[in-house]
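Chemist: Work out the full structure: start from the sequences and follow the hints.
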Amino acid sequence: MDTGTRLGRFLFSELFLKEDEKTWKDATGARKFLAHPMVGTTFLVVVGCILGGLSLSQIWGLFGAANQLLAGIALMAVCTWLGQAGKNNKMFYVPMVFMLAATLCSLLITVKNKIVMIGAGQALWGDWFQLIFAAAMAILALFLVAEGIQTFKKQKLSKASA
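Number 116 in the working numbering belongs to position 116 of the sequence shown; there are no gaps in the numbering.
Please keep in mind that the hints were generated in silico from the structure rather than gathered at the bench. There could be a bad hint or two in this list.
[What the hints assert, rightly or not] Label-pair distances were calculated between CB atoms; the ranges are:
(1) 50 with 15: 13 to 23 Å
(2) 115 with 140: 12 to 22 Å
(3) 60 with 38: 29 to 39 Å
(4) 50 with 84: 36 to 46 Å
(5) 18 with 45: 23 to 33 Å
Using N, Cα and C, we set each Cβ at its ideal position, and we do this for glycine too.
Modeler: Given below as structure tokens:
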């Protein structure tokens, strides 16, 4: 648990640091507060306690979606790396698009269902938790997909000009 919290804290802090900033001390304003190790640790411990209070059936779907999303992002990373190296990366396009599309559809359906459940007044706190995390995963994945598309376009333009 110590190692997982420590690594999570580092990752959480890096979300709020610019490329030229090495630690939270180099940041300014709200980013300095959010990148502080205590803020990241507190956030991760609270999330861990919430996850510990949920039953396995409530988090299993999100765990599966996160796992599939990671697979799609890994395919995108390998595809990008091969493109940067000048190698053929086309064999990764179909599985990458399939994994990302299927997972994003699943997350968006989960978000829609949780919103309907909350709107009907039938939601428990676990449903709110699932809504927040499913929406966060979908939004972050869309940002990564947009960056991947930009990278693929740059690679295509550089190949065309070469």
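Chemist: Each hint needs a verdict: does it hold in this structure or not?
Modeler: A quick look at each hint next to the structure:
1. 50 with 15: 13 to 23 Å: Because 19 Å falls inside the window, the suggested range holds.
2. 115 with 140: 12 to 22 Å: 19 Å, holds
3. 60 with 38: 29 to 39 Å: This hint holds: roughly 31 Å between Cβ atoms.
4. 50 with 84: 36 to 46 Å: This hint holds: roughly 39 Å between Cβ atoms.
5. 18 with 45: 23 to 33 Å: 26 Å, holds
Going through the hint list in order, the structure satisfies each hint without exception.
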